[in-house]
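Now for the letters of each chain:
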Amino acid sequence: MLLVIIRFLKGPTLPDRVTAFDLFTTLVIASIAIFSLTWENVNFLDVAVVLSLIAFLGALSFAYYIFKRKD
Amino acid sequence: MLIDIISTILITTGSLFMLIASIGILKLPDFYTRMSAITKASTLGLGLVLLGISLLFDQIGVFAKAFIIISFLMLTNPIGAHAIARAAYKQKIKLSGKTIIDELLSLAQKASKQETAWLRNKTNVEIAEELVYTIIRLPASHGGSYSKALEIAHEILKIDPATGYRVAGVIYSKMGRFEKAEKHLEQACELCKYSHKATFALVNFYVENNLPNRALNVIEAAMKIHPENFDFPIKAIHIAFDFEVSNKFAIWCCNKIIEQSHVTPTEYLLQASSFKRYFVERSMGK
Chain E
1 MLLVIIRFLK
11 GPTLPDRVTA
21 FDLFTTLVIA
31 SIAIFSLTWE
41 NVNFLDVAVV
51 LSLIAFLGAL
61 SFAYYIFKRK
71 D
Chain Y
1 MLIDIISTIL
11 ITTGSLFMLI
21 ASIGILKLPD
31 FYTRMSAITK
41 ASTLGLGLVL
51 LGISLLFDQI
61 GVFAKAFIII
71 SFLMLTNPIG
81 AHAIARAAYK
91 QKIKLSGKTI
101 IDELLSLAQK
111 ASKQETAWLR
121 NKTNVEIAEE
131 LVYTIIRLPA
141 SHGGSYSKAL
151 EIAHEILKID
161 PATGYRVAGV
171 IYSKMGRFEK
181 AEKHLEQACE
191 LCKYSHKATF
201 ALVNFYVENN
211 LPNRALNVIE
221 AAMKIHPENF
231 DFPIKAIHIA
241 FDFEVSNKFA
251 IWCCNKIIEQ
261 SHVTPTEYLL
271 QASSFKRYFV
281 ERSMGK
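Protein sequence lines correspond, in order, to chains E and Y.
Position 5 of the first sequence, counted from 1, bears residue number 5 in the working numbering, the numbering being contiguous throughout.
Position 129 of the second sequence, counted from 1, bears residue number 129 in the working numbering, the numbering being contiguous throughout.
One or more hints might be untrue.
Computed footprint of chain E on chain Y, listed as stretches where at least three residues anywhere in the stretch have a Cβ under 8 Å from a Cβ of chain E [said to hold, decoys possible]:
1. 20 to 31
2. 56 to 65
3. 71 to 83
Read the hints as simulated data drawn from the structure, not as lab findings.
For every residue, glycine included, the Cβ atom is placed at its ideal position computed from N, Cα and C.
Isolated chain E (complex conformation):
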């Protein structure tokens, strides 16, 4: 996670940050899954489902924004 945050801060371009963010959400989903295992609470997995959907929407809307953006 730390590595991804370093890349997120370094940039150097917007698409780099978007991909870093995408990977970050994936990592968060994985950690939520592992938390649900350590606390033996199945309900946390629902959060993971929602987060995976939101990550996809975020990536797509960022892609759309980059596509339409003028230099």
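Based on these hints, arrange chain Y on the given structure of chain E.
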């Protein structure tokens, strides 16, 4: 006990893959390589982690949730990666210096080189034709446009009408304007008396639009004028084979090739005889 070991292995390998993805996003030289690294590695890593966890819980509900997350991930991750990479390429984000192949850029360079050659020598029809085909293949963001291609086609038309009509016909067929393409290509065929290139352009156009019978008619007309050309009957046989139409004409074509066995290339002769057997069997079956 066994399940514990398996799921531990799965979770560990999954986390390892995600670690590799994180290292990759930090260390790889340019945006596109980072993109490819993290998409594949993180999808696999998360999939493995979720699979291991659902095995450990050993409940149907957890299995279902993990399955939902994994299938969403497999659907959405590649789509998102593709969208971002395409947007980044459009924004001209730099590739690393070590990249060897950039097909779009090399195609654009080819187009500009051909264009300068064409502007220097406005009588060379072949260069112009190549230029038109390159322009059609380019996307709009890199200077590909049908109207520009059409302009060049009109200039060719003044020098060499047959080639001009053929090129214009090909452009119209790419634009999806069926009637205009058909008219231009037919005119090209008539003007140069069913030459090899013009006939094949028209035939391929009909084949692309799923009209095998018309394509066969064109080939028949061309064969009347050029009985010594063996590419036409072979093409007719292939069309008849692909679309399963017109047995009689196909068998006639095969016979024609076999009759002239003293001049046909061996390869064609072999094809014709094997296709003939197929066609004859098919007509018996019907």
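- Message: Using a Cβ cutoff of 8 Å, are there at least 3 residues of the region 56 to 65 of chain Y near chain E, or does the coverage claim fail?
- Response: As far as the region 56 to 65 of chain Y goes, the hint holds, because 6 residues have Cβ atoms under 8 Å from chain E.
Assertion that chain E covers the region 71 to 83 of chain Y - criterion: three or more residues, beta-carbon distance below 8 Å: Since three or more residues must qualify, the claim that chain E covers the region 71 to 83 of chain Y holds, with 8 doing so at under 8 Å.
Exercise for review: Three residues minimum, CB to CB under 8 Å: does the region 20 to 31 of chain Y make the cut for coverage by chain E? Let me know.
Suggested key: With 6 residues close enough to chain E, the hint holds.
Checked against the numbered hints above, the structure violates none of them.
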